[in-house]
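Novice: Sequence:
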Amino acid sequence: MNLFKVVESIPGYIVLEDGTFIVIRVVIGYIKEVGRSPVGPNFGIAHRVFLYVEAPEELKAKMRDKPIAPGDVSSEHDIWEEIAIKEKRDAYEACLYRASDGKTYKVGLRLEPAIVARTTRYRDANYNPIYFIRWNISYETGRAA
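First residue of the sequence shown? That's 1 in the numbering used here, and the numbers climb one at a time after it.
Hints in this document: simulated from the structure, not taken from any laboratory. Each hint should be verified, as a subset may be incorrect.
Claimed, not checked - Below, simulated BS3-like cross-link-like pairs (lysine-lysine); rule was C-alpha separation at most 30 Å, straight line:
| # | residue 1 | residue 2 |
| --- | --- | --- |
| 1 | Lys88 | Lys66 |
| 2 | Lys60 | Lys32 |
| 3 | Lys60 | Lys86 |
| 4 | Lys86 | Lys5 |
| 5 | Lys88 | Lys5 |
| 6 | Lys86 | Lys32 |
Build the full structure now, drawing on both the sequences and the hints.
Specialist: As structure tokens, this is what we get:
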């Protein structure tokens, strides 16, 4: 088993037109060699995304009587409205991985928030509306310096 070392972790964020602030963390959980190319190994990256949502108090007040989302409601297409992104920063994490070829690679994962939708039919446990985020995901691989 080949472990890796996290060398860079930058939380991202989104500020939405409704005043909601969302913190984004991407965490690389595992890196695995999944093949080879002429320039070295190919990598499979297992990752998770963590979000913290903080809606403005006036929006939370409107959500007080709404039910908590009963699970994944993304398939209820008629309840969503797109919310413009006013400001954003990508979430990023990078690791050093010593591969089977004996070389060390820097493997990174970047999440750019692209589109956000909101439903006010349901809320979370903290009285925030439910948000759905589409990501642009990019992988970065290079030799470690």
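Novice: Now look at each hint and say whether the structure bears it out.
Specialist: Going through the hints against the structure:
1. Lys88 / Lys66: holds, 28 Å
2. Lys60 / Lys32: Answer violated: Lys60 to Lys32 is near 42 Å, above 30 Å.
3. Lys60 / Lys86: Holds, at about 20 Å.
4. Lys86 / Lys5: Not satisfied, since the Cα-Cα distance of roughly 34 Å exceeds 30 Å.
5. Lys88 / Lys5: Judged against 30 Å, a Cα distance of about 27 Å means the pair holds.
6. Lys86 / Lys32: violated, 37 Å
The earlier numbered hints that this structure contradicts are 2, 4, 6.
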